[in-house]
Amino acid sequence: MIGLSFSTAFLGFVLLALAMDRHHDQIIKGRPSSMARRLGTIGGWLCMLLSLALCIAAYGYSIGATWWLGVLTGVAAFLIFLLTYRPKTILYLAVTLPVITAVPLIPLF
Amino acid sequence: MKQGFRQSMSWLHGWSGLILGWLLFAIFLTGTIAYFRQEVTLWMQPELHGSIPSPQAADIGLAKLTSVAPQASAWTINLPNDRNDTVRVSWQTQQPGERSNNAMGNNRQNIERQRGNGMEQTSGAGERDERSNRNRGNPIETRSGGNNRAAGDAIAPRNIGNERQRDGRPDQGAATTSGNNRSGNNEVRGGGGGRGQQSLTLDATTGEVLTPRETAGGNFLYRFHFELYALPRDWARWIVGIATLAMFVAIISGIITHKKIFKDFFTFRPAKGQRSWLDAHNATAVLALPFHIMITYSGLLLFTSTLLPWASSAIYGDNPRAAFAAMRAAEQQQEQEVRAALAKQGGGPMVPLGPLLKYAEDKWKQPASRILISEPGKPGSIIELLPTRNDSLVRQSGSGGLGDVRMTFNAATGELVQLGGEREQSTIAAINSALGSLHRARFASPGLRWLFFLSGVGGTIMMATGLVLWSVKRAEKNKLEKLPFGHRLVDHLNVGAVAGLFVAVAAYFWANRLLPVDLAARNEWEINVFFIVWAIMLLYPLLRPIKKAWIEQFSIAGALFALIPILNAATTSSHLAITIARGQWMIVGFDIVSCVTGLMLFYTAYRIKHYKGPQKAERKPRKAPAIQSEMMAAE
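One line per chain: the protein sequences are A and B, in this order.
Just so it is clear: in the first sequence, position 62 is 171 by my numbering, and no numbers are missing.
Just so it is clear: in the second sequence, position 229 is 647 by my numbering, and no numbers are missing.
Looking at chain A on its own, in the form it has when it is part of the complex (with noise of 0.2 Å):
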């Protein structure tokens, strides 16, 4: 479950990233249609929630906040680093990561 709270958290970057001019060009190159910066924002948040939402049943409220804010400060250096160096990694890690770590969840249902 902690799994997906990270990649959860890395596919909600990624789209605030590409709501931004400047991340948008450096993922896929030019500026984000005024479409794109909305959802981007919108789904990028939803994102957030929900990796907060996966700390807390895994480990209550207070120390899955706790989580969540350390899952979000390492999934955002390593968005850094990423866009540093290895910016055409991105969007495939953006949806392939989420799926990874969410197949270990399947039998929970």
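Simulated from the structure, these hints should not be mistaken for laboratory data.
Some hints here could point you the wrong way.
To be verified - Taking CB as the label site, the calculated pair distances span:
1) B/K895 / A/R195: 33 to 41 Å
2) B/T845 / A/A211: 35 to 43 Å
3) B/K895 / A/I151: 53 to 61 Å
4) B/S863 / A/A211: 18 to 26 Å
5) B/G772 / A/R195: 31 to 39 Å
6) B/L961 / A/V208: 30 to 38 Å
What the hints assert, rightly or not - Derived DSS-like pairs (lysine-lysine); straight-line CA-CA distance at most 27 Å:
7) B/K891 / A/K138
8) B/K690 / B/K677
9) A/K197 / B/K482
10) B/K895 / B/K1027
11) B/K690 / B/K965
12) B/K965 / B/K1027
13) B/K966 / B/K690
14) A/K197 / A/K138
15) B/K776 / B/K482
16) B/K678 / A/K197
17) A/K138 / B/K690
18) B/K891 / B/K1030
19) B/K891 / B/K966
20) B/K678 / B/K895
21) B/K895 / B/K677
22) B/K681 / A/K197
23) B/K681 / A/K138
24) B/K965 / B/K895
Stated by the list, open to error - To give an idea of the chain A side of the interface with chain B (calculated C-beta under 7 Å), a few residues:
25) I165
26) A185
27) F187
28) I189
All C-beta atoms, glycine included, are put in the ideal place defined by N, C-alpha and C.
Given the coordinates of chain A, assemble chain B onto it according to the supplied hints.
Just chain B now, with coordinates in the frame of chain A:
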């Protein structure tokens, strides 16, 4: 007007950051390592590396206690957990005739400790495991006696609630007696509960008695980060407290100064001089901003009793002892009644520990880490279990950083016993506990601990880049032939305080392996090496040009850290190939993190060496000029 405000904030940020920045860097670096201090201590005691946790650990401990201390009034077994690979047993001996006194005696001791520190939750330190981490050569240790009512402390009060009082913080009384021996033999300081207490460290598989070398281990770095070293305790706490306050000012003024940080959240542009330093400073600041605010604010709270001693007197009046005494007396009264009732049921042989441990683990969803047995073998004997960690922030960390809940069993029947109630907490007290918990991160499981560590690394880099930025900014602005004295002094101190501290920490670890094991006052020599090396590194830039000094010190630190796995392999039989095969991740982690740190320091040295200064073409804003010029204006 707005510009004026931003500029004044920028000024405040620059100077509040600079003046105490060197100290704050040291606090951040050592404090970050302190998140893994038990692991560091374990690495520094290779005599313990052969111990592998086994399911029989509890029985091994029990068997040893039965054979060496059958008459003891209380037994403690510390089980292996994810931060400890050994079994540590300790026992209390009790003189006849003291028992009747115990409640009172205990109260008095307790209150004396309270006095030293104001509120228990607000002061920052000692853990029970410091005591338990045997640091001395002598296998069986007697905790300093000398207090005739001390042994009475061992019985009932020791087991309930009292530990919480005793262990969550440094023991003022003992600290004065152990004086300058602070970071070493912590069991002396560990304090009140330790009187008349003896302990042994056992191999968790074979039960063999282990004798670790004398070392202050991770505890030295831990204590240094809030009490420095060899200074009177109050002075040191004041100094660090003021630095913490400066940090808080720097964070707030920094958010205002670099208001673009949220917009440029993900941006890092390497090898562009001031721009890159600023990016790195901003990124590490924003990424871990919740951590920075939390750690600074909670750090201030932990110093409340030092910085604002009036708080305690406002609540508890002129005689806080009386208030605590009344509270404890009520709890002990209740506890004594329960025990008296148990004693009437008669004694008997003790039930096996296995089912009790299993029951607790099922209930807590985490294994128990400590077993307390009072009055073993006598009527009224009880067994108490403590979980490995708390499952909520609002609980104070229990003794030794373990959880603060207990599960109590009748030792003769294995039935659950209800002992006392939970102490109620006001909202403010709960917030205080939560912030204290967050600062110390004792509730954190290994995964979360790594995230705390990562945030701490971010803070350390933020301090270092901030210090460098102060200098780079002025150098690029001035373009003077010869820098003014003050600027050169800052550059000089930056080298010694940043790169030099890395060298000193690495040297501390090397000293641990290279100093003879039987050297007298060995643990102090390790610390001496740390300070001697650091002093040399602080003087070093006097002899070398600044750039060369940076490169050389980072290279030395890089080499020392990167070679730590090899040093470990050369001096012990627990090198990486063995520890990985056995799954001893604490030792593996130390070796690998050290090596990676070393390589990163090397890389830093390499980049400084080959840095040609800002290139003209690169300095021109290329993309998003509006954003960049705004950032420049924000400087």
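Hints, verified against the model:
A hinted range of 33 to 41 Å holds for the C-beta pair B/K895 and A/R195, which are about 34 Å apart. Judged by the Cβ atoms, the range 35 to 43 Å given for B/T845 and A/A211 holds: they are separated by roughly 38 Å. For B/K895 and A/I151, the Cβ-Cβ distance of about 42 Å falls outside the hinted range of 53 to 61 Å, so the restraint is violated. Between B/S863 and A/A211 the beta carbon distance is about 22 Å. The supplied range of 18 to 26 Å therefore holds.
Separated by about 51 Å at the C-beta atoms, B/G772 and A/R195 break the suggested range of 31 to 39 Å. Separation of B/L961 from A/V208 is about 58 Å and departs from the stated range, judged on CB atoms against 30 to 38 Å. For the hint linking B/K891 to A/K138, the alpha-carbon distance of about 32 Å lies beyond 27 Å, and the restraint is violated. Simply put, B/K690 and B/K677 have alpha-carbon atoms about 21 Å apart, close enough for the 27 Å limit, and the pair holds.
Our distance criterion of 27 Å between C-alpha atoms is broken by A/K197 and B/K482, whose separation comes to about 60 Å. For the hint linking B/K895 to B/K1027, the alpha-carbon distance of about 22 Å falls within 27 Å, and the restraint holds. Distance hint between B/K690 and B/K965 is fulfilled; the C-alpha atoms sit about 17 Å from each other, no more than 27 Å. The hinted pair formed by B/K965 and B/K1027 meets the criterion: a straight-line CA distance of about 8 Å does not exceed 27 Å.
Note on B/K966 and B/K690: the hinted pairing holds, with a Cα-Cα distance of about 20 Å set against a maximum of 27 Å. Of the supplied pair hints, the one linking A/K197 and A/K138 holds, its CA atoms being roughly 10 Å apart against a limit of 27 Å. Of the pairs offered as hints, the one joining B/K776 and B/K482 holds, with about 21 Å between alpha carbons and a cut-off of 27 Å not exceeded. A distance of roughly 25 Å separates the Cα atoms of B/K678 and A/K197; the hinted pair therefore holds under the 27 Å criterion.
At most 27 Å may separate the alpha-carbon atoms for a hinted pair to count; A/K138 and B/K690 meet this at roughly 22 Å. About 16 Å separates the Cα atoms of B/K891 and B/K1030, which keeps this hinted pair within 27 Å; it holds. With a CA separation close to 20 Å, the supplied pair B/K891 and B/K966 stays within the 27 Å bound. For the hint linking B/K678 to B/K895, the alpha-carbon distance of about 21 Å falls within 27 Å, and the restraint holds.
Note on B/K895 and B/K677: the hinted pairing holds, with a Cα-Cα distance of about 22 Å set against a maximum of 27 Å. A hinted pair counts as satisfied when its Cα atoms are at most 27 Å apart, and B/K681 with A/K197 qualifies at roughly 22 Å. Taking the CA atoms of B/K681 and A/K138, the gap is near 19 Å; set against the 27 Å cutoff, the hint holds. With a C-alpha separation of about 18 Å, the suggested pairing of B/K965 with B/K895 holds against the 27 Å cut-off.
Interface hint at A/I165: violated, since its Cβ lies 12 Å from the closest Cβ of chain B, which is beyond the 7 Å cut-off. Look at A/A185: its Cβ gets to within about 5 Å of chain B, closer than 7 Å, so that hint holds up. The interface hint given for A/F187 is broken, as the beta carbon of that residue sits about 10 Å from the closest beta carbon of chain B, more than 7 Å. Interface restraint check for A/I189: the shortest CB-CB distance to chain B comes to about 5 Å, inside 7 Å, so the restraint holds.
When each numbered hint is compared with the structure, violations occur for hints 3, 5, 6, 7, 9, 25, 27.
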